[in-house]
Each structure stands twice: as C-alpha cells, then as structure tokens.
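**Student:** Please model the entire structure based on the sequences and the hints provided.
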Amino acid sequence: MKRFSETINVRELLRPIGQMIAFSLGGGAVLSLVVVLLALLLDQTAVGQNLQARYSVSLVTYTLANLPQVLIDGLTIGFVYAAIALGYTMVYGVLEFINFAHSEIFAVGAFVGVEILIALKNAGILSAASLGVAYLILLLALLAGMTASGFLAVAVERIAYRPLRGAPRLVPLISAIGVSFFLQDIIRLVESLTTGQFNRIIPTFGNFDERLIFGQLPLGATTVVLGVQIKSLIVILVAVIMLVGLNYLVNATKIGKAIRAVAQDRPTASLMGIDVNRIISITFLIGGTLGGAAGVLYALKFTRIDPFVGFFPGLKAFTAAVLGGIGNLTGALLGGIVLGLLETFAGAFMSAFTMGAAGAEYKDIFAFGILILVLIFRPNGLMGENVSQKA
Amino acid sequence: MSLLTLENVHSYYGRIHALKGISIEINQGEIVTLIGANGAGKSTTLRTISGILHPKQGRVLLKEQDISHMEPHNIVAAGIGHVPEGRGIFPNLTVKENMEIGAFTLNDNAEIARRMDHAVTLFPRLKERISQKGGTLSGGEQQMLAIARGLMLQPSVLMLDEPSMGLAPVLVELIFDIIKQLNEQGTTILLVEQNALMALSIAHRGYVLQTGEIVISDTAANLKQNETVQHAYLGVE
Ligand SMILES: Nc1ncnc2c1ncn2[C@@H]1O[C@H](COP(=O)(O)OP(=O)(O)OP(=O)(O)O)[C@@H](O)[C@H]1O
Ligand SMILES: [Mg+2]
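So the sequences go chain by chain: A and B. If you read the first sequence in the working numbering, its first letter stands for residue 1, the second for the next number, and so on. If you read the second sequence in the working numbering, its first letter stands for residue 1, the second for the next number, and so on.
One thing to keep in mind: the hints can contain errors.
Unchecked claim - What the simulated footprint calls covered on chain B by chain A, stretch by stretch (three residues with Cβ under 8 angstroms from a Cβ of chain A suffice, anywhere in the stretch; the number is not a length): (1) 63-73; (2) 90-104.
Claimed, not checked - Cross-link-like lysine-lysine pairs, in silico, DSBU-like; alpha carbons within 30 angstroms at most: (3) B:Lys96 x B:Lys180; (4) B:Lys63 x B:Lys180; (5) A:Lys254 x B:Lys127; (6) A:Lys254 x B:Lys96; (7) B:Lys56 x B:Lys20; (8) B:Lys127 x B:Lys96; (9) A:Lys254 x B:Lys133; (10) A:Lys301 x A:Lys121; (11) A:Lys363 x A:Lys301.
Since the hints were made in silico from the structure, they are not lab data. Owing to the predicted nature of the structure, the values given are computational and were not obtained by experimental measurement. Backbone N, C-alpha and C define an ideal beta-carbon position, used for all residues, glycine too.
**Tutor:** What follows is the structure, given as structure tokens:
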C-alpha cells in the first residue's frame, strides 16, 4: 500500500496555508506598526488634539481600540479580493488576456446565491432552520453560485472569446467589455421582470451576524472588545479552503500540469496529447467557480447587492492581481490580502490622521496610490512572473 | 499498404504557400527521412501531419483514416508522436514533469514510471537534473529531454525534427542508435535532419524537398549515390 504522503502531496496543501498565514500576519503587522507609530508621533500634535476635541479620546487609544476590528475586516475583504483575483490571474496566465467580464461573473454568482436564499426564506424554510440546517443552506447557496458562475464563465469563453482566439489582442478585450455590459443588463432585466427592483438584500438567518467575543482589553477610559463576526470567519474560512484547493489542483495534479503546460506553450502542449480547448474551458470553469463563491461571500458580508455589485470588487481584485504580479497564483493571494488590508486601514484611520480633512471616502485613492508606487518599483508586481510557473 | 500517407498536400501560413502539393508514403516499420535546404518545408510537413497545421488541399491518412482535420491531441491519441523543432521544453515545468506530460494520454502511473526509468537510463544526465526546471537546462540537455519526452508516449509513428541539433558528436550517435533501436522494436520513424548523411545511413528511404515540393524520392542507398543530393545536401564536391 502506498503511504499517504505519496498519494496526497501534503507539501502542496501546507505551503499555501503557510503563505496565507505569512501574508496575513506580515501585512497586518506592518500596517499595524505603521499606524501605531504614526499615532504615537502625532498624539501630542494638532492631529491628536483635534481628535481629542472631536471625540474626547487620545489618538493612541483610538488607534489601538480600532485595530483588531480593522485587521479582521481587512482580511475578510482581502480574501474575497484574492478569490476574485485568482479568476483574472488564471485566465491571464493561460491566455494572456484580461477577462473583464469576470466582475459580472462574480455578480451573477452573488445573485444566484441570494435569490436562492430569498426563495427559501419566502418558503418559510429559513426561519424554521436549525443552526445546522442554516449552515447547510448557506453551503447550498454557495454551491449554486459557484455552479452558475462556473458554467457562465465557460459559456462566455466559448461564445465570446474562442472565435476571436487568432485576432489581435484588443479584439477579445473589447468583446469582454461587451459581455460585461451585457451581463449587467441581463441581471437588471431578470431582476426587474421577476422582482420589480434591482437591489436584493441577503436574508438574515443562522447565527452569521452574531459576534464571537474572545475577551476585553481595558484601554484607559475605554475597553476594547476583542471579537469577530461569525460571517467574517466564514468568509475567510471558505476562501482559504478554496485557495488551498486551487493551489493543489494547479501544482499537484495532472490537470494542473496540463494547465501550466498550456500556459507556457500551447502548440507543444497539443503535441503532448493535451486538448488545449478543454484545458482553457477548465481554466474558465475554475476562475468562474471561485468568482461565484466570492460573490456569495461578498453578499453575506455586505448584505446588499445590485447589478453593478461586481464593478468595484472586480476592479479591486484585478488591481490585486496586478499588484501581486498578474499570472501568478501566489501573487493574487498576496495582492488580495495586501489590498484588502490597505484599503480597510485607510478607511478606518485616514479621517483621524488628517483631522477629518480626508475621510474614508478617500481610501481608494490611498490604496491605489500605494499600488502605483509598488508598480513603479516592481513593474511586474510583487511576485512577478506568471501562472505557468509552479508557485 | 502504407501506414502514413500524404496525398497532394498543400499547406499555408496565412498567404505563404509552404507546401505545394506533396505526396509521401511511409510504410509500417520504416525509417523515412526528409531532406531539404532551410525553409524547404520539412518542419511544415511534420506540423501538417501532427495537426498543428491543416492542409488547405489534399489529405493526410493514417492507415485508411483521414486525419487531415483532426486536432493535434487526437492525432497523438491515434499514435503519432512529434518531437518538434526547437525542442519545445516547458521552461517552468521540472524535468520530471516535462517527461510525465509526454505520456499525458496514458493513465497508468506504474507504466509511466517504468517508461521514465527507461528514458533516464538512456540519458543519465536527465536523472541528475530530474527536479530542475526545464528552462534551466543547457541547450543539449533540453534536446535530450525533448527526445526522452518523445519516447514517453511510445507512439506507433514517431516524427523527429532535427533531433541532433546542438548535441555533441557522441550524443548524436547515441540518438541515432536510439532511433535505430526504436525502429527495430517496431516504431515507424519519420526523421528530419540537418545531417543528411547520418540520416541516410539509418533510413530506408528518403524524400528531397525543395521550396515546398518533392523533387526526388528514392531508397536511402540510392539517394546517397545521387549526384544532385550529394552536391546539394551531402557536401560532396
Ligand atoms: N509560422 C510561420 N509563419 C509564416 N511562415 C512560416 C512559418 N513557419 C514557417 N514558415 C515558412 O514556411 C516555409 C517552410 O518552413 P519550414 O519551417 O517548414 O522549413 P524547414 O524545411 O523546416 O527549414 P529548416 O531546415 O530551416 O528548419 C519557409 O519559407 C518559412 O519561412
Ligand atoms: Mg525545420
């Protein structure tokens, strides 16, 4: 009998987990250090006095009190970005093509998941559900969103990209933008025909909105509650499982080897007996599935979705992919986590540090400013190179 | 009846007419070589057989089956292997992964391992480099890997495009020995070689290609004696 480690490549399971922990802890630690140092420096200046006057709390206390929640929120959105970013990066790695419709594939996943939950709610099943059943229902919504988005991505490639394979690079790009608008309008049409409105709110059920409290930290006049919303944990956990699974698929299976071969040299891959079109479809299926799951997770975390819900997360995730090094799987992970943390930190602390001049609404400018800085010094992104490479 | 037949095949790259109606017959168990100057269309012929290019006119037959419009992966599955010109090593796959992917159509892991063992005994250098990335091998090592990878498939027809390119003389001889051995074990070979003399020394028959057309076809022994061939391709004054 074969040993377990021979049939399952344990290293390929542990490595991405290690990377995620390293990226999360590293990114979180660096940013925490920066804001705490800034707070210490500015505490006695006009910045600190301004905050004292507005909220009667010292800058240092304010910073420390917010830090745990900011870290959790940053990681939550970071993992959602990472899951979406992997869709961009996989497709780019194999076809050197930016699938701009990926944001709408994400949106469709969100809508399918939410609509199923709404239907179950209307059928009275949600309110009757025990906690275990609630989790099963959430899993069902996730799987439905993943399936819908996965097959949609495959269909989009088959219909809108494959016929343009030999055309100049800009042509499929334009096609992708067209698909993106088309899908947005389809969602709008379907939603307005069936429900008369564009916005959908994910029903509340289970214990997802509750907070797990780990403890309390006295901090001068205030106490900091160390806790985390259950749905944030779910988002992170599901994303981690998917990311580990994807990494394993690409780096340790025969299909993964074929994906990497196709990414490196399509004609030669076909001479090895690899059905290149099938591998490309599988790539879209994987990217779409991850995008769909990210959509449902996003809806769970932010509750309200509309037909344009894909736009910003899509743009951010694309940015994350570029930040990490487009085409590189580990890069997408790193980029997603870093961008999620950066923008959440910016959103939480900018107002305090600029004496209210630049509030949370400027967080994207800050995050993208950092991105431009990184790209000036590392034009290929943080991890450079591409998907074809074993991470 | 021939195993692999090209009937009046025309192939194009866009508007470039690269093959202008060539007909070739390769019988079961033969080594056949294609000779021709640079740009004559030798590689194009192999690409047309393996389905990377599809003929605009004419047919490619494997036994009686028309494979002219089959996709490359199906042609591989039908038993035609192609070690392409310029090696085509996957630079970011390891040596081992490159070899495994040569047997992609095979699902029997034990058999894949057996073939890999055999291939690395032929090229011990590859064994030393087994977990190194393909792209970090030297040119000659990459050539060995390309051939070893070609052997992994154990096709019934093996097409080799300049297999001795960039190899030291000892290794060139090794490669030709391997080709002969494979042939004796029943593999039909279609060989394209810069080194026409060596190719003719192991081949049974040969075709001379000139700007996309076949100008001579004869047994290897006769081709070696043919004055035009001697002059143009064997460097005999
Ligand atoms: N991808 C391509 N696009 C356009 N033309 C091509 C392409 N590949 C080959 N050709 C042209 O087709 C003709 C035949 O090329 P081919 O590669 O078959 O020559 P060859 O006989 O293999 O030469 P060599 O000995 O140099 O390898 C040449 O004129 C070449 O310029
Ligand atoms: Mg050639």
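**Student:** Look at each hint and say if it fits the structure.
**Tutor:** Okay, the hints, checked on the actual structure:
Counting residues of the region 63-73 of chain B whose C-beta sits closer than 8 angstroms to any C-beta of chain A gives 3, which meets the bar of three, so the coverage hint holds. Counting residues of the region 90-104 of chain B whose C-beta sits closer than 8 angstroms to any C-beta of chain A gives 10, which meets the bar of three, so the coverage hint holds. For the hint linking Lys96 of chain B to Lys180 of chain B, the alpha-carbon distance of about 25 angstroms falls within 30 angstroms, and the restraint holds. For a cut-off of 30 angstroms, the pair hint linking Lys63 of chain B to Lys180 of chain B stands: about 23 angstroms separates their Cα positions.
The hinted pair formed by Lys254 of chain A and Lys127 of chain B meets the criterion: a straight-line CA distance of about 21 angstroms does not exceed 30 angstroms. Using a Cα cut-off of 30 angstroms, the hinted pair Lys254 of chain A and Lys96 of chain B holds, with the two alpha carbons roughly 13 angstroms apart. With a C-alpha separation of about 10 angstroms, the suggested pairing of Lys56 of chain B with Lys20 of chain B holds against the 30 angstroms cut-off. A hinted pair counts as satisfied when its Cα atoms are at most 30 angstroms apart, and Lys127 of chain B with Lys96 of chain B qualifies at roughly 9 angstroms.
The straight-line distance between the Cα atoms of Lys254 of chain A and Lys133 of chain B is roughly 17 angstroms, inside the 30 angstroms bound, and the hint therefore holds. For the suggested pair Lys301 of chain A and Lys121 of chain A, the alpha carbons sit about 18 angstroms apart, so the restraint of at most 30 angstroms is met. With a CA separation close to 19 angstroms, the supplied pair Lys363 of chain A and Lys301 of chain A stays within the 30 angstroms bound.
Comparing the model with each numbered hint stated earlier shows that all of them hold.
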